[in-house]
Amino acid sequence: MDERIFSIWVYLAQTPLLWLTATIAIYRVMTLISRRLGSPPLLNPVLLAIIAIVSILLLTNTPYATYFDGAQFVHFLLGPATVALAIPLYESERTLRRIFWPALAGLLVGSATGISAAVLAGRLVGLSEQTLRSLAPKSITTPIAMGIAEQLGGLPSLTAVIVIVTGMVGALFGWELLSFFGVRDDGERGFALGLASHGLGTARSLQFSSEAGALAGLAMGLNGATTSLLAPLLARWLGL
Amino acid sequence: MIDALLGILLFQLIGEVLSRGLNLPVPGPVVGMLLLFAILRWRGGPPAQLSATAHGMLAHLPLLFVPAGVGVIVHLPLLAREGAPLLVAIVVSTAITLLATGLTVHWLRQRK
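Residue numbers (my numbering), protein chains in the order written: chain A, 48 to 287; chain B, 395 to 506.
So that you can see chain A by itself, here it is in the shape it has in the complex:
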């Protein structure tokens, strides 16, 4: 019997099926648990799912590469989901037109601030050079941030983690922080949240209104582009 279970495990451990199913199933369970707890922002399903999966991988001695063979199918959907943001964007066109020029200024300020604040804060707390270079593009969406980190000489896979933590941090208190400082318009808050916290900020904004989510998605896309242009220049200026 043990032998049989072992051979099933050996088979499953090699197919993408196991970790693909596990990723979706664990996320699903975590959304239910999080909802049962009253959806506390700190115990969000993404964080809970990551902790659970990391624990399972460590316990079963499974390398990340094996896990990713299965999970890549979920990861891949980040691209189509970005394209899909065109629909809420279209539905919010009137809001977009209302804040177009201020948003453009906010984009430039936000992108430059995002890179500089990350590097300066990181230096202040004494991070190593390599970690600083991985931290610089933290506000933008994972695939672009990884590309920039590589250009700057950071660790792309560390950047992926930093980007997700940034997304969770923004989702955790961004909306409330902006309200506290008098920014109460849904479109404005969504734009700032998407710019500073990419897809997770966008997901959070979508919870408040479709308009906030649409502008968050737009800001995420635009900041990805702006930051890839500004990062090499600012990196030189910041002495990276």
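Don't take every hint at face value.
As the list claims (entries may be wrong) - Interface residues of chain B toward chain A, partial, derived using beta-carbon atoms under 7 Å: (1) V420; (2) S487; (3) T491.
Source of the hints: derived by calculation from the structure; they are not laboratory data.
If you're wondering where the values come from, they're calculated on a predicted model, not measured in any experiment.
Where a beta carbon is used, it is the ideal one built from N, C-alpha and C, also for glycine.
Once you have looked at the hints, place chain B on chain A.
Using the frame of chain A, we list chain B on its own:
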């Protein structure tokens, strides 16, 4: 649903080709998003099916970040050393970025 999915993938593909072919700093999916947005404006809205598929996909957006997040497992030793200061740097700089962006947009709109 298949048409909607095909449409989304096609726009991503076109975006990817344009982005790489023209060496744009904008990533392929974002180019795809902007192209689809332009088409939607031109034709006056998405077909119902596309709208439903897109909203369905976006409802589960956070799930898509799980695989990359699990990558933390590769960096546990580095995080044991630098995790705490790194978290401080992330929290502080994210707060600054949020406020710089939000307040810029907000103030400029009030001045009008």
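Hints versus structure:
1. V420: Holds, about 4 Å.
2. S487: 4 Å, holds
3. T491: OK, holds: B/T491 within 7 Å of chain A, min 4 Å.
Every hint, counting from the list given before, is met by this structure.
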